[in-house]
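As you go down the protein sequences, you meet chains A and B in turn.
Taken in order, the first sequence gives residues 476 to 842; the numbers are from the numbering used here.
Taken in order, the second sequence gives residues 2 to 260; the numbers are from the numbering used here.
Since the hints were derived computationally from the structure, they do not count as laboratory data.
Any given hint might turn out to be false.
[To be verified] Straight-line distance between alpha carbons at most 20 Å, and here's what the computed DMTMM-like set of lysine to aspartate or glutamate pairs gives:
1) Lys160(B) to Glu733(A)
2) Lys769(A) to Glu150(B)
3) Lys175(B) to Glu733(A)
4) Lys145(B) to Glu733(A)
5) Lys253(B) to Asp539(A)
6) Lys579(A) to Glu733(A)
7) Lys175(B) to Glu512(A)
8) Lys229(B) to Glu259(B)
9) Lys175(B) to Asp758(A)
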Amino acid sequence: MKILIRSNFDLLLEALRKNNYKTIGPTVRDGAIVYDEINSTSDLPIGWTDKQDAGNYRLEKRNDDALFGYVVGPQSWKKFLNPPVYKLWQADKRGHNFEIIPEKIEETKYAFIGVRPCELNAIFIQDKVFTSGEYVNKNYKLRRDNAFIVAVNCVESGGTCFCVSMNTGPKAEKGFDISLTEIVKDGHHNFLIETGSEKGEKILSEIPHRTAVQNEIDSGNELINNAAATMGRVLDTSNIKNLLLNNLDHPQWDKVAERCLSCANCTMVCPTCFCTTIEDTTDLTGEHAERWQKWDSCFTIDFSYIHGGSIRNSVKSRYRQWMTHKLATWHDQFGSSGCVGCGRCITWCPVGIDITEEVRAIKESSK
Amino acid sequence: MASKEKPKLAVWKFASCDGCQLSLLDCEDELLSVAGAIEIANFPEASRAVVKGPYDISLVEGSITTPHDAERIHKIRRQSKFLITIGACATAGGIQALKNFKDVKEFIRLVYANPSYIETLNTSTPISNHIHVDYELHGCPVNKYQLIEIINAFLNNRKPNIAPHSVCIDCKLKGNVCITVAHGTACLGPVTHTGCNALCPSYNRGCFGCYGPKETPNTGSLADWMSKHGFREEEIVRSFRGFNAFAEAFRKESESHEK
């Protein structure tokens, strides 16, 4: 374990940029912490924290100058790895035929600064969706292979966090290039650094650092343990697949449908939700066409539209589809849960529907 | 195929502010391509020249508020192969449908010196209450790009790319921070039909519902949110009683908050 002192943090960003990475990280905008391009530590939410509860998010000032003293905001890294809207290809009419012009794959090298352990696990899940098996999403794969990940372990938990329940945090175990644990204590402000790849070691070698002493390592562990002990939410995952699939007609689905707006916010903010739709456009003459890909959601009617109509007309069936896929059938499809316990769907649901409460309600009445 | 005749387009006005048909003139850059692809056969806002029907596409703006208009719309339907209503007036009765909630005779007595000259129906109703409508384009006013998309889809024999989902999805695609969750601002976005590209929330203003109810709108749940956040019943009534006050979901919700 190494130590990077706070006053050298900018050198980490500089080293990444020198290695042709576009540095993306948390920054304050419109009363929330979002992910955007950052050029120096002054772009980070210094001294800010977030208070989160179901349907509620507020920024507050901390009484220290921590760089990462908050948890996750409304956006996730999927916004960069699988952009919300992008052109797949275009085509021009040539007589009775047409010619497809492939879209050039964007080769930006991203360095993601401040990837939380739950988010890292969400990226692993999307890796499985987009890059395993016969059909590989080349755009995603290229961006993913090029990405440099600076993970930040959580030393505090948020009001809607439940990574401990999902076994995805609060410490990043693998898959990062560099991981950081921020320690603001006794007048010192340091980062414990671990490297997880050759790329990470190379970057670390370009910035001043020293070896950590045991005391510092203990402090980091203590903070992470504290975060684990103070999770805002708990989700009991024992036997969850059978619980949900054996209760498809449970009255709780009707109850949640009374509140659910089917607005799709939960799926948009979820770091593992991966569904997209395809939109074909033409110009007025019909000589030129384009195919666009856009994030989609199982909460819309069109999502389950097949010849003759939509399969999931009721909001109840759409909520049930989303939750049973996320927590139950995802296991069959991808070999893990689709939930990483980041709490976004709870915080960013305008009416505060809480996935952990929904599971609890079904569980308690099924005893 | 023999040389293709250009499809004939007609634009019709009923009770409305003209804003939606002006969206067509507002197309500017695209207007020439539109004019190149279709024959604008009847569009008094743009030209006095009128080509006789029948018309391949009729765009109908405005609501039905007089006995005369209730007759006239049937004539237009008979002359139109494909009839599209545009805007909140034509699709939901418009802001003038506020009169549907009140006693119109009393308004007339109060406003006009000689009420006997006024010939009006008691209600302002959407075109679809009177005739079969092939497609409804929502918005107050309609989005000009969606208007072109409708014509484009018609010309190219395909489905228009116009989604009926919430405004929220557009906010999220744009990367907007949710103003309801992060600021506590009331916003009709979760129950409102997309189309404006989340214009108001992008400027930290709550959605006014200009595009009317989305597919399966849960207005009751959103009204509960408002109640819990200190909105009085009359404020909830008012928030659902805008340009799309008479659209079924918004009408029922506002009525349920009147004593």
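Consistency of the hints with the structure:
1. Lys160(B) to Glu733(A): Measuring from Cα to Cα gives roughly 32 Å; hence the hint is violated.
2. Lys769(A) to Glu150(B): The given pair, whose Cα atoms are some 17 Å apart, holds under the 20 Å limit.
3. Lys175(B) to Glu733(A): Cα-Cα ~28 Å, so violated.
4. Lys145(B) to Glu733(A): 35 Å, violated
5. Lys253(B) to Asp539(A): 51 Å, violated
6. Lys579(A) to Glu733(A): 45 Å, violated
7. Lys175(B) to Glu512(A): 16 Å, holds
8. Lys229(B) to Glu259(B): OK: Lys229(B) and Glu259(B) at ~17 Å, within 20 Å.
9. Lys175(B) to Asp758(A): With a Cα-Cα distance of about 24 Å, the restraint between Lys175(B) and Asp758(A) is violated, given a limit of 20 Å.
When each numbered hint is compared with the structure, violations occur for hints 1, 3, 4, 5, 6, 9.
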